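S.K.: For this one, chain A is given, so just place chain B on it according to the hints.
Number of protein chains: 2
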Amino acid sequence: MSTPPQWVQALRPSGPQGHELLAQERAKSTINVDQLSTFLFTKTGLERKQRILKILESEKVFDKSQNYFSGRVDRFERALARSKRLRQLAQEHGFSQDDMMVANDIVSEPGPYGLHESMFLLTLRDQGTPEQHEKFLKPALEYRYIGCYAQTELGHGSNVRGLETTATWNQEDKTFTIHSPSLTASKWWIGSLGRTANHAVVMAQLIVNGKNRGPHPFVVQIRDLETHELLENVYAGDIGPKFGYNTMDNGFLLFNKVKVPHISMLARFSSVAPSSGEYIQPKSASLVYGSMTWVRSTIVLQAGSVLARGVTIATRYCSIRRQFQDRDAPEWEKGENQVINYTTVQIRLLPLLATTFALHFTGSAMMAMYTASMEKMRSGTGGGGMLADLHATSCGLKSLASHTAAEGLEVCRRACGGHGYSSFSGIGPFYADYLPTVTWEGDNYMLTQQVARYLLKTARAVLSGKAKKNQNDTVDILMNYLARQDQGCAFDILGNDSDIVAAFAWRSAFLTFDALKRRDEQKRSWNSLLVDFYRLSRAHSQYFIVKNFHDTLTQPNFKNLDASTRELLHDLFRLYALNTLEQEGSEFYTSAAVTVRQIQLTRSTAIMALLEKVRPHAVALVDAWAFSDFQLDSSLGRADGKVYEDMFRCATTLNPLNKVTVDPYPDSKVLFRKVDGVVKGKL
Amino acid sequence: MSTPPQWVQALRPSGPQGHELLAQERAKSTINVDQLSTFLFTKTGLERKQRILKILESEKVFDKSQNYFSGRVDRFERALARSKRLRQLAQEHGFSQDDMMVANDIVSEPGPYGLHESMFLLTLRDQGTPEQHEKFLKPALEYRYIGCYAQTELGHGSNVRGLETTATWNQEDKTFTIHSPSLTASKWWIGSLGRTANHAVVMAQLIVNGKNRGPHPFVVQIRDLETHELLENVYAGDIGPKFGYNTMDNGFLLFNKVKVPHISMLARFSSVAPSSGEYIQPKSASLVYGSMTWVRSTIVLQAGSVLARGVTIATRYCSIRRQFQDRDAPEWEKGENQVINYTTVQIRLLPLLATTFALHFTGSAMMAMYTASMEKMRSGTGGGGMLADLHATSCGLKSLASHTAAEGLEVCRRACGGHGYSSFSGIGPFYADYLPTVTWEGDNYMLTQQVARYLLKTARAVLSGKAKKNQNDTVDILMNYLARQDQGCAFDILGNDSDIVAAFAWRSAFLTFDALKRRDEQKRSWNSLLVDFYRLSRAHSQYFIVKNFHDTLTQPNFKNLDASTRELLHDLFRLYALNTLEQEGSEFYTSAAVTVRQIQLTRSTAIMALLEKVRPHAVALVDAWAFSDFQLDSSLGRADGKVYEDMFRCATTLNPLNKVTVDPYPDSKVLFRKVDGVVKGKL
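First to last, the sequence lines map onto chains A and B.
Each number in my numbering corresponds to the 1-based position in the first sequence with 128 added.
Each number in my numbering corresponds to the 1-based position in the second sequence with 128 added.
Okay, chain A solo, but in the shape it has when bound (with noise of 0.2 Å):
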């Protein structure tokens, strides 16, 4: 497709421009954006985004503008080039692992090295042994071993114990013999593996003198390091299309009783004695749970800036977009409304608005706490309990942070109307590679268990007088409870923001005991009560989210705010809390934790007041979370408004498939007439 002609790019768009309704939005709010940016990200992590975002923008093989249109081959090509990029550029300037971790954020799209950077370094450097560091981690730190992390097999996934490969110990030759016995036993899902990595960790199930003794990691190469062709009885590939995820190779892989030498199993937490063939029994799990929390904790804190995309994109363009007037408008005041200004669309958006800051300063609470209790222990000061607390909360809380962010993702995509739709808002296809996350470091429904398990062995403990006060917040809020119950409750949400944190104590107490009762006095079965949990887990995590922002609102830092912030953030705050608990009003009531009355109160008019506080400064929110417009790549939230005019260049010259003639008629052969001028087929 041509230029557009002359008459075409005369036109502009109509009534008001974006930019105008933009700086609109910008000048009515009162608080301070910058500040509020550096007190969310420190000023020094908003010197890192511009420093980082100043290389990657003046690279052309980061441009995103052809994006959407290519096929699956073609995007990988790309993603290659780029991931191959990135880790030279990482060297000429010396990235460092925050530099890496903002370099991803703006580019923004998973690539081929992903796996290799993340978990094949990090479980080479947290289980081998100094050794195995000299002979496999120090090529994978120079790229000449490129790896991966095989764990998930096509018919086992959450179980791990469930896995099928095997490692047997031949202590004849004093090797491994890795071995795939069945399809189901296949490596599945593997990031980088499917045409990148020429080596992989594979958990396999350790077989030493006919017994097995679990799971274990072992170094595997598995592509030649000159041809990059597959090694003799190994067998594996990408796994095919995905909802998202497509410039990812993640990849399937077999084994047909590949020897591997002594060194290939990570020895630092058990082994096999080569002369023995004896096997050594690892000591505490402690350092894993460690490192899974911290794993948990970042995609808490990154779901608040996932969510947040979709959040600014959603609030500048319903700044702008305009449709129907105000039925009670008087007649006077011509022109269409803004969409935002709706209540229907304010629902939607605001508490989601709301939440990302929710998410965000839990998850800065939860790295926070977890590097102090990490100091404690190391210091021997305790903060044992602390962490046995924060790593089962932290999987709720996984679960909790993930499902918002995706399905938030989602309500912002519909906010935008028909042009959600388009891959140019920039929404949907950045959720559908979010949506994994789901699924991953543990299945959203899976890990409730874990919070659920912990919180009846708690309480249990309560019971017994086992616990004791201060020993952790769980013990503390179940005490607390339990000294109540028979006063009950009188909590005033709607005057009082520490009575907010309190209801929400009281029903996760509340809902505790009551399944603890379930299971102990009913003995039901526990998979009767996986529902329960599940909505325990919800009531837990939601109770920790309020009581970290009510914290951040009391902490020393925040009265360096400008009071007009102050006060939009307290807003906020009551804006989450209060939504939260009008969404889950049936477990607040039947825990007599609020009544009837409070709840329909706070339905009808406090949400609705709320609302309209923070209406005024939607987009000035927005614009705190200090995304570029790079990163966003979207034409719906770009933050100079310029949406009409994006989406037709983006259309009019972009768009490979207005290169193309067809031929219409149902009765011709031909499909294609024309194909960038090229003629085809006959006219």
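It is worth saying that the hints were derived from the structure and are not from the lab.
One copy or two, it doesn't matter: identical chains are merged, so the pair holds either way.
Lysine to aspartate or glutamate pairs mimicking DMTMM-like chemistry, simulated, CA-CA at most 20 Å apart:
#: 1; residue 1: LYS188; residue 2: ASP757
#: 2; residue 1: LYS387; residue 2: ASP352
#: 3; residue 1: LYS787; residue 2: ASP202
#: 4; residue 1: LYS651; residue 2: ASP454
#: 5; residue 1: LYS741; residue 2: ASP625
#: 6; residue 1: LYS266; residue 2: GLU354
#: 7; residue 1: LYS797; residue 2: GLU270
#: 8; residue 1: LYS177; residue 2: ASP757
#: 9; residue 1: LYS675; residue 2: GLU712
Since the structure is predicted, the reported quantities are computational estimates derived from the model, not experimental observations.
M.R.: For chain B alone, coordinates are given in the frame of chain A:
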């Protein structure tokens, strides 16, 4: 990638095989699957499916195996080929309208003739005069004119009165000038327009003698019938890639003062007198309302079947997938548990299974009511009140049903665990194609205002004594509520099915009068009530679905089913109704339709018991939906249960990425060393 080596080909899934597990499931159920299928679709309907399937399956062009791999242009090209072939087959075999619908269902992909075959032909037929039928409809039926329906604009969606495109009457030469005054006036999202159509029905503001008469339809040629190039002063093209629907060329369209003759304005309802330039007003719009009601009823009916695809796939796969042992299972019960046995899976899938039947019965009932009242109106024996009621109700139902189907598909996808994310699951791409349904034919939020407006109006009529008993169902439930309001209700929802229906009616009536009070007495603004209206519409629609499900079970032909099948359908009715009631618990107890205790019992006992009763029949119930494997196109949902074999086959034999050998090292500029054995970059 070459054929897998011999040792790979010899591998089988471990444990009980998929086909064995499905056979077990089928043996376990006592219901008569064929009988239930016939009850749902009639014998004629089932035979039609079989007949059309046979025709399509034998045509290579409809082979689906490469659907997920190609880029946008290739996918569109193949879709065009399919549309052409389908048209040829329709002529060869003399396909009826119903045959075409079934064929499109089986192909399961939007195609470039989509809008030509629906809205273009429909508008010409319904809104054209006999002269216009001759001039436009005839060549359109012969596919010489290929058209689209151009209403939505870049800046204007739901608000048709806000369209910017103008059609100005020129008395001097008896023509209309079609013009796009701004960029936001560009037609946008118009299916079949981007590359395929040579004509468009253009909705434009009719301006006669300087006076704007509102939007009217004009038939405008946009491309040359020979060369298929754009005509002068017309600028049109494809709007670019979307979240789904990428086999359709949704387009944009701009006019630079294009003159069209008088006959171009579709003149059945309103027109401009060519001699005088006088504008002739349209008569009643009731016929248009009628066809909108029909379209919305179709969406409700389809929503059931759309959701049933996801439920079929997930139910079969969850019966084959096994993870973990049951925690309470005795030691001697070896092996992993089918995931459908976990209550967290059942609570997600089985209520959705019940919902598929609920939506199917409601859609069918709506169509029957529509036909009956049209009959009555034609014969002059009333039916108007019923039709007005159905029109309003259909808005709320379209909103609820499409929302339920879209959300439900995603729930099904996630219930498949990690493999749900693979395109081979068959759910993701289908979900992405279905999503626009929540926006088109009235945005799901916008539409709920129509329902509320109607309910408020009816409530006013009831209060003022103007409404008559038996006028329609809404009047009756409002009257009944008023009559019993003081004495209250005591519905036995856990013991009596009619009482469940009554509880839903009660809540709907309560919310109606509650909203009326706010609007009429408290004089609340329309905008501040939109959220309440949304809830009201949902409540009323849920009532309608519950009522129609219950009615279906009392119809004469229901008695023809075997007793066990009948009992199971009653269980499904209760599962749908009680699960909905539990989720909306808050509204049910504030309306005093039920007590808090009843909701607690529903949650903890009744629903869990229903899950247990339905569980053994899950596979048989989805079998009754009678989807062919060809239509489902899903490795996970295969009727023969060969899930893992098929996942593996697709990944290894269909996947073009596996033909590529990459250069994985960051310092090499070579990306692909070999493609399909041919050297591309130096080794």
